[in-house]
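Please model the complete structure; the sequences and the hints are all you need to start from.
Line order of the protein sequences matches chains A and U.
Under full-length UniProt numbering, the residues of the first sequence are numbered 1 to 385, in order.
Under full-length UniProt numbering, the residues of the second sequence are numbered 1 to 385, in order.
If a hint is listed, it holds; no wrong ones were tucked in.
For identical chains, the list gives no copy identity; a pair is met inside one copy or between any two copies.
DSS-like cross-link-like pairs, simulated, lysine-lysine; straight-line CA separation at most 27 Å:
| hint | residue 1 | residue 2 |
| --- | --- | --- |
| 1 | Lys-31 | Lys-4 |
| 2 | Lys-279 | Lys-379 |
| 3 | Lys-4 | Lys-46 |
| 4 | Lys-379 | Lys-4 |
| 5 | Lys-190 | Lys-258 |
| 6 | Lys-277 | Lys-4 |
| 7 | Lys-293 | Lys-261 |
| 8 | Lys-293 | Lys-192 |
| 9 | Lys-117 | Lys-293 |
Read the hints as simulated data drawn from the structure, not as lab findings.
This is what each chain is made of:
Protein chains: 2
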Amino acid sequence: MNDKLIYLDHAAATPMDPLVVEAMQPYFSEKFFNPSSPYAAGVAVKRDYQAAKARIAQVLGVVADELVMTAGATESVNLAFQAAERTVCAVATIEHASVLSAAGRYREAVLIQPDHKGRISPEAVKQALAPDVGFVSIALANHELGYVQPIEEIARVIQVERERRRSAGESTPLLFHTDASQAAALLDIKVKRLGVDLLTLSAAKVYGPKQVGLLWVRPGVHIAPTIVGGGQELGLRSGTENVAGVIGFAEALELAAKRRKAEVKRLQGLRDAMIRKMKAELPEMIISSDRKKSLANFLNISFPGLDAERLVFLLEMNGVMVATGSACAANSGTRSHVLSAIGLSASDIDGSLRITLGRLNDEAMVVRAAEFIIQSVRKEQERIK
Amino acid sequence: MNDKLIYLDHAAATPMDPLVVEAMQPYFSEKFFNPSSPYAAGVAVKRDYQAAKARIAQVLGVVADELVMTAGATESVNLAFQAAERTVCAVATIEHASVLSAAGRYREAVLIQPDHKGRISPEAVKQALAPDVGFVSIALANHELGYVQPIEEIARVIQVERERRRSAGESTPLLFHTDASQAAALLDIKVKRLGVDLLTLSAAKVYGPKQVGLLWVRPGVHIAPTIVGGGQELGLRSGTENVAGVIGFAEALELAAKRRKAEVKRLQGLRDAMIRKMKAELPEMIISSDRKKSLANFLNISFPGLDAERLVFLLEMNGVMVATGSACAANSGTRSHVLSAIGLSASDIDGSLRITLGRLNDEAMVVRAAEFIIQSVRKEQERIK
Numbered sequence: 001m002n003d004k005l006i007y008l009d010h011a012a013a014t015p016m017d018p019l020v021v022e023a024m025q026p027y028f029s030e031k032f033f034n035p036s037s038p039y040a041a042g043v044a045v046k047r048d049y050q051a052a053k054a055r056i057a058q059v060l061g062v063v064a065d066e067l068v069m070t071a072g073a074t075e076s077v078n079l080a081f082q083a084a085e086r087t088v089c090a091v092a093t094i095e096h097a098s099v100l101s102a103a104g105r106y107r108e109a110v111l112i113q114p115d116h117k118g119r120i121s122p123e124a125v126k127q128a129l130a131p132d133v134g135f136v137s138i139a140l141a142n143h144e145l146g147y148v149q150p151i152e153e154i155a156r157v158i159q160v161e162r163e164r165r166r167s168a169g170e171s172t173p174l175l176f177h178t179d180a181s182q183a184a185a186l187l188d189i190k191v192k193r194l195g196v197d198l199l200t201l202s203a204a205k206v207y208g209p210k211q212v213g214l215l216w217v218r219p220g221v222h223i224a225p226t227i228v229g230g231g232q233e234l235g236l237r238s239g240t241e242n243v244a245g246v247i248g249f250a251e252a253l254e255l256a257a258k259r260r261k262a263e264v265k266r267l268q269g270l271r272d273a274m275i276r277k278m279k280a281e282l283p284e285m286i287i288s289s290d291r292k293k294s295l296a297n298f299l300n301i302s303f304p305g306l307d308a309e310r311l312v313f314l315l316e317m318n319g320v321m322v323a324t325g326s327a328c329a330a331n332s333g334t335r336s337h338v339l340s341a342i343g344l345s346a347s348d349i350d351g352s353l354r355i356t357l358g359r360l361n362d363e364a365m366v367v368r369a370a371e372f373i374i375q376s377v378r379k380e381q382e383r384i385k
Numbered sequence: 001m002n003d004k005l006i007y008l009d010h011a012a013a014t015p016m017d018p019l020v021v022e023a024m025q026p027y028f029s030e031k032f033f034n035p036s037s038p039y040a041a042g043v044a045v046k047r048d049y050q051a052a053k054a055r056i057a058q059v060l061g062v063v064a065d066e067l068v069m070t071a072g073a074t075e076s077v078n079l080a081f082q083a084a085e086r087t088v089c090a091v092a093t094i095e096h097a098s099v100l101s102a103a104g105r106y107r108e109a110v111l112i113q114p115d116h117k118g119r120i121s122p123e124a125v126k127q128a129l130a131p132d133v134g135f136v137s138i139a140l141a142n143h144e145l146g147y148v149q150p151i152e153e154i155a156r157v158i159q160v161e162r163e164r165r166r167s168a169g170e171s172t173p174l175l176f177h178t179d180a181s182q183a184a185a186l187l188d189i190k191v192k193r194l195g196v197d198l199l200t201l202s203a204a205k206v207y208g209p210k211q212v213g214l215l216w217v218r219p220g221v222h223i224a225p226t227i228v229g230g231g232q233e234l235g236l237r238s239g240t241e242n243v244a245g246v247i248g249f250a251e252a253l254e255l256a257a258k259r260r261k262a263e264v265k266r267l268q269g270l271r272d273a274m275i276r277k278m279k280a281e282l283p284e285m286i287i288s289s290d291r292k293k294s295l296a297n298f299l300n301i302s303f304p305g306l307d308a309e310r311l312v313f314l315l316e317m318n319g320v321m322v323a324t325g326s327a328c329a330a331n332s333g334t335r336s337h338v339l340s341a342i343g344l345s346a347s348d349i350d351g352s353l354r355i356t357l358g359r360l361n362d363e364a365m366v367v368r369a370a371e372f373i374i375q376s377v378r379k380e381q382e383r384i385k
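Set out below in C-alpha cells:
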C-alpha cells in the first residue's frame, strides 16, 4: 500500500499477512490435487488440509473433526442457525446483518437489548429465555463498537436454564452460538473458556484470505447441512476443500495467537494516543466504544451535527481511510442499527466514524490521522455554522 | 510438479494457471479492501470485482448482474435447486453427487435414465416431464464419462412443454439447470446457445482457484438465497466478496476460451494415441467414454475381472495418477453409479479407470502412461490367473 495512505478500517478487511500468502502458495499450482483423490499426492494434500484444521483446532482448544470449514463467517452463521431447527431464536439487536438475517428466517425471534455501552447483560439474556427459545446468538465482540460481551457469564445463564428444563422435563433444547470473527485477532478464543456450543470465525478478519471461515460445532449438537453433495466436512458442508485457503487460515490464526498480547498493548497505546489528541482539540467528541471493554483496536466516535460521510470524503483526500459503520451497513445506506440500539440520536449517528486500528498502523500514522480528523471536523463545523 | 509424475486426473482438480495466480496476487495484501467500503480504494476494488464479473459474463454471453458468485459448483447447484421451490425435480441418474443430493432434499425426484453410452435423450426428458415437474437438472458433460449431452435439444423439449402448460392454463413453472463445470474448459458455454435457465460453473475445473464458482440465473427466474446477511450479489448470496478468487476465475475462463479450439484438437490427439497403443496390446479393454460425443480429454476404460484400485496403486508406483471414478465417489468407497446406469456389470465397473487429460500432459507422457497401464494390467492379469 502507498506509504501516504493511513488505513483505519481493519474491522472491514485485513491485508493477508505475507507469511499467510507464502503458506498458501504451494497449493495453487503444485500441490493442487483433489484431497479426495486416491493416489499419494492427493492423500498428501488431504493430510496437509487435515493438519491445517488441527492447527486451527488447537487455537480454539478443540479437535479438528469438530470444525466445519466454510466460505466465510456469513456462511458459518447461516449454518449455525440450522441448529435452531424449529425453535425460537434469541439474538441481540446489535448483531451483524448475517445473524439478524439468519434469525429473520425463523418464525419468531426474541430481540435482546444492550445497555447504553453496547453490553448484553446476562440478566437481559435470562429474561429473553422463554421456554420456547432454543437458540441464542450473540457476537463475542460487536462489529461496530468492538464491545466484548460477557459470553462466559451468559453461557452460565444458559446452562442454568438448560438444567431447569431438564428438571422440569421440558424437551426444548437450548444452544448458544457466538460469532467471534471480530474478536479473533485480539482475544483468546478457547471455546472451553467461552462456554458456547457453536462458534463462527472468519479468516478475512485475522489477516487471512477472504471467503474462508469455520463453524465449530460442539460434539453432540445436531446441524443439518445447508450445502449438500460429495459429503466433505463429515457431510456438513460439501464441495471440494479450499486447501490453500484453510492452510492460510491456520497460518493466520496461529500468527494472531502468537502476537496477540503484544499487539493488544500496542493498539491500546495507539488508540489512547488518538483519543488524547482529538479530545484535547474537540471536547464535543462523543466516544461510543468503551475504553476498557471494547477490543483494543476499536474507536467509535461521533461529532453531533456533522455528516460523517462528508468527513470520510475529506479524510480520504488526506489519505485516511475510515468507515461510517460496518461495510455492509454503509453500503446499504441505512443508519447504524447498533448505534441506534445504544441510544445515540439520529444526529449523533449521522456524525459517527468507526476507526479500527491494526497491523498497518504505527504511532506516527495515527497521530497524523488524528490531526486530519481534527482539521476535517473543524472545516465541516465552519461550513455549516 | 515433479517431472516424472504423469497427472491424468484433470477432472478431479486442475493446477492454477500461472497467469491466474499472477492476476490474483495484488488482491491478497495490497488491494485487500472490502468492496463495500466507502473510500476510493474500496470503491476501486469493487470496480475491479465488477469488471471481473463482466469478463466472466462475456464468456457466457450474459451480463454481470445475472451472475451469482459462489464458493464453488456444489454451492451453485444447491442454490439453483432453490428455484425448484415446491415442485418435483427431474434429474439424470448419472448426475454428480451434488445434484443428486440437492434433488434428494425435495419430496420427490423423477430419475431420467441414460442410454448405454451415457446419453440423456430429449425423448427420455420428454417422458419425464409429468405435469408437476418444475425443475430439470442435467450436466452439460458428465463427470465420469465426459459425455456431452444434447442440452440444446433438451431445452427445446422443455420449451415445448412450457408452451403446452401455458396454453392449458397450468401454472407449474418449468426451469432447466445445467452444471457446466466439467465442460467449461473445452466447450463453448454461451447460455443462449444452450437454452438453459440456470447454469453452474466452477473455477477449480478450468485452472482457476478452488472454492470459487458461479450460478448464472436467467432474468425473471426467482431464487431464494441459501446464505443471507449483508446482501452481496444482489441479495442472492451474502458474505464479503472473494475478490481475488473471482478475478482469478475471470482470468482462467478467458484463457480457457482463448485456448479452447487448439486444446481440444491437441487433447483428442493425445487421447487417440493412448487408445491406439492400449487397444493394440489389450484388445479386451472396454472403452466406456464415447470418442465422438465425450469431451476430448475423457477416457473411461475398463479391464473386466481386474481391481481398478490395485491398478491405481501399481500405476502410482510409476508416477501415473489416475482415478477410479469421480474423487467424491472414490472417497466414499461405493461403486460408480454412472457406470452402473449405462449397463456395465459389477466386474466391469470394478475394473474401470477414469483418465482425464489436460494442460499438464504432452505426447511423450501419455505414451509412457499407456505403456505403464499395459504393464500393470498384464501384471494383474498374471497375478489372478
